[in-house]
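K.L.:
Just need the whole structure built from these sequences, with the hints factored in.
Heads up: the sequence lines are chains A and B, in that order. Note that full-length UniProt numbering has the first sequence beginning at 1, numbered continuously upward. Note that full-length UniProt numbering has the second sequence beginning at 1, numbered continuously upward.
Be aware that one or more of the hints could be misleading.
[To be verified] From the structure, some residues in chain A lie toward chain B, with a derived Cβ separation under 8 Å:
| hint | residue |
| --- | --- |
| 1 | D27 |
| 2 | Y37 |
| 3 | T50 |
| 4 | R58 |
| 5 | Y144 |
[Stated by the list, open to error] Under 10 Å between C-beta atoms, here's a sample of chain B residues computed to sit facing chain A:
| hint | residue |
| --- | --- |
| 6 | L7 |
| 7 | R12 |
| 8 | P21 |
| 9 | A33 |
| 10 | G38 |
| 11 | V40 |
| 12 | E75 |
| 13 | P78 |
| 14 | H79 |
| 15 | G80 |
| 16 | P141 |
| 17 | R144 |
Please keep in mind that the hints were generated in silico from the structure rather than gathered at the bench. Because the structure is a prediction, the values reported are computed rather than measured. Where is the CB? At the ideal position from N, CA and C, for every residue including glycine.
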Amino acid sequence: MSELRTLIAAAREGDARAWGLLVGRFDKWVWANVRSYGLAPYDAADAVQTTWLRLVERLDSIRDPDRLPGWLATTAGNEAAALRRRRRGEHLCAAPPECDSGEDVVTTVLTADTVRKLRQAVGELSEPCRSLLRLLLDAQQPTYAELAERLGMPVGSVGPTRARCLARLRAIVSGANP
Amino acid sequence: MTPEEGLLAALRIAVGTDPVPEHVRESAEAAFAFHIPGAVLAEPLPRCRTAGASRGDPGSQLMRFEAAGSVIEVELTPHGDRVDLAGRLTPAGPAEAEIRTTETTLRRTLTPTGQFAATGLSPGWLSVVCHPPTGTPITTPWIRTRR
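P.N.:
Next comes the structure, spelled out in structure tokens:
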């Protein structure tokens, strides 16, 4: 039985310590997923709390505990996107996620080895990718206009550069680096 | 989540420049208090938003959830900075309802027609749990009320 399966089974039986271990294992993961949507800390905290409430309400019906990291990422992303829409005055009803996004560098990020690979990959990037990623990861979450000013590029180039740099990073981490 | 957002999330953890605030971690741990072992989660029915719902109040939200052959209806009506709740369980029968927010839990005995209500709730998150005298509790998902 996997460790995750054991923890979830114990939490279902009311073991608060098991729940605490689940939170300790995934709270950075959930927070990081929500923050990647550009939410302010107050809204990010709200979306994170929602994600954990969703897990509590579905604790008894989880079929495959080993897919929990993907489920948390999908749920956190949906809640963050919904909150972002609310802040923009849009109103949509989103169904809860039923599945994760499959195996990927992202869903295996919680291993120490993947963290090491990501850090190493950032170091292998050339400019402007290295500076752009450093700014994107800033807790202050700069806007595209601020990024453009600090990197000395047109605002319209920030999005395509961001996409190109992340694709480059993904290629390095996955070993597909040409 | 797009692959780009997922990768950025992974980087945030790897680089460690955006740590989880302590109060966020505490809220996550506290969420476990809302676990009801064995409860059936009612799934939302398609009609998720109804302007001018059954009581005709502008801005009210009517939601319906179904599980195990029962339907829980929840209507939320904002009043200033508070929210009123009117609900109904069908088919009606003797049951208790718990109206839970992240701050408090209110208990109501359902009327013979399955109705229950609460006024002056804080905006934020709430869920309703119906407890038949015998059988499995039925809970709605957590619902975000306006603020």
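K.L.:
Hint by hint, note whether the structure agrees.
P.N.:
Hints, verified against the model:
{"no.": "1", "hint": "D27", "result": "5 Å, holds"}
{"no.": "2", "hint": "Y37", "result": "6 Å, holds"}
{"no.": "3", "hint": "T50", "result": "7 Å, holds"}
{"no.": "4", "hint": "R58", "result": "6 Å, holds"}
{"no.": "5", "hint": "Y144", "result": "14 Å, violated"}
{"no.": "6", "hint": "L7", "result": "5 Å, holds"}
{"no.": "7", "hint": "R12", "result": "4 Å, holds"}
{"no.": "8", "hint": "P21", "result": "7 Å, holds"}
{"no.": "9", "hint": "A33", "result": "8 Å, holds"}
{"no.": "10", "hint": "G38", "result": "7 Å, holds"}
{"no.": "11", "hint": "V40", "result": "8 Å, holds"}
{"no.": "12", "hint": "E75", "result": "16 Å, violated"}
{"no.": "13", "hint": "P78", "result": "14 Å, violated"}
{"no.": "14", "hint": "H79", "result": "20 Å, violated"}
{"no.": "15", "hint": "G80", "result": "20 Å, violated"}
{"no.": "16", "hint": "P141", "result": "6 Å, holds"}
{"no.": "17", "hint": "R144", "result": "7 Å, holds"}
The structure fails hints 5, 12, 13, 14, 15 (numbered hints given earlier, in ascending order).
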